[in-house]
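Chemist: Throw the hints in and build the complete structure from the sequences for me.
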Amino acid sequence: MTVTETRPGAAAGSRPAPNPAQRLISIPAKIAKSPHSARVLFPIAMFAVWLLSLMAVEEIWPFAVDVLPTPSEVGAFMWDEFITDTLARKNLYETFFISLRRLLSGFAIAMVLGTALGLAMGLSRATNAFCHDWTMAILAMPALAWALFNSIIFGFDDRGPILTVILAGIPFVIVNVREGVRNTPRELFDMARSFQVPQSKVIRHVLVPSLMPFMFAAARYCFSIGWKGLVIAEVFGGQDGAGWTIKFWYDAHRAHGVVGYAAFFVIFAILFERLVFEPISRRAFRWRPQLRTEVVEEAFGEHHEHYGEDEPARHG
Amino acid sequence: MAEIRIKNLHKEFGVGEDKVVALEDVNLDITGHSFVSIVGPSGCGKSTLLNILTGIETPTSGTVEITSDGHVAAPGYVFQAARLLPWRTVTDNLLFVQDDRSDATRERCRRYLEMVQLGDKGDKFPGELSGGMQQRVGIARAFSIEPDVLFMDEPFSHLDAITARALRRELHHMWDETKKMVVFVTHDVGEAVELSNRILVFAKGGRLEDDIQIDLPFPRDPADDEVAVAKAHVLRKFEELDLLAS
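Protein chains in written order, with the numbering used here: chain Z, 1 to 316; chain E, 1001 to 1246.
Keep in mind the hints are simulated off the structure, nothing from the lab.
Some chain Z residues near chain E, calculated using beta-carbon distances under 10 Å:
#1 187
#2 191
#3 195
#4 196
#5 197
#6 201
#7 206
#8 209
#9 210
#10 212
#11 284
#12 287
By construction, the Cβ of each residue, glycine as well, lies at the ideal position given by its N, Cα and C atoms.
Modeler: Okay, structure coming up:
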């Protein structure tokens, strides 16, 4: 038997480096492709749509303009709120503090109860069979119904909004934790048992970390759905808080107040995501191989790298 | 010195018409610094035997004793997939199976990581390593508890041929250096001949058909005549068994 060897690449050479002029040309293309530009582009586009629709409405239906808020009106309103110059009973910070307190109380209770129930339902078929339909019923119920119902029962104190947050958020916690328990890595438990690792250590190092992604999903859902529920509950059953205040501006026929307050909601949600959830999640999931979208795009657009023995495995 | 004594081992799954015999009257002694491979076609009960040896399953009848100098032997495991905790670093994966986290233990873990040539990867997470490296961590983990017996279930079957070959060499080194007993399940006859000094051939229905001693010097090159002859011998045995079965 004869084995002939050919060495590829020796004659063909490697890819030529781009010259400086080519690099210069590729800069705008890079900016256009960058995810950051896309992020910046979105609010600019929305702003343009806003202005264009104002102009269009003015053309077709001139008297509506008095009702529709312009960006400058909304901006001025938000600035006044920002420096606590407001007509409402409580200023922006007091209002959001009140709502945040209610949200966090409800969120904490929903997470604790939901985790306990989710664990029980994941571990026991009987418990799951008993609770499943109830969970689905709570899940199907609109937050508006809970808000009305709770304001009838509790009147205008904190309990109604908090209970609404719990009821709106808890099904998501239950379902996520239950799926987490069902997806625990059996082969890792077998491994731990083979090595006779004590139960407490297995819970700490295998069970809890394997549940973490599900807990995070649960927390994010519970928080955002709870927040929506809270605002509705405050509209109907509150004397203060973010929901009550947006209603206040609605009753005062100040469209810029309603839009401005809605913008505060968005800012509040984004800040919470960026300052709380993202750092915690980065820390908790630093073991996950980085999801690098630009690498994927390059792989599709250009050549495919060959991964040898010493290259990291590309799997999650 | 480690010792495995298997007497009249019998294992059945299911009842009535669904009854399947996985192991039939297996008698076996393994002692000392041996490298024993268990080979056979799929469904011959080799995984069942390993599961019984490792305590995951219990025998229907018969006895299994795994001792070391009179007391119960400490076992170590290498699985088909590495089975590492993805959320712990390589070092923490080794420490996870240890009894304590003392300096001596850490030093021992570091030594075994170096033995599998991953001394500089202790702070990496498994997801940052290749499949071959992950399996090396699995091997280091098994050795790091300094077991009396090491059980390995097709540890190289998921790897490419080159990586598997490199790891077989490393495994042979470690076996030679640590003087442990290794019980190795594989369906790759070449691998069994390259590594073992004893090969147990199981047939469908869980019968121990053949017990082959291979007294060739190490390291064994698959291209070597004697190794090739030994491999051909075991393969012929396989074919005979296949004919008998069909």
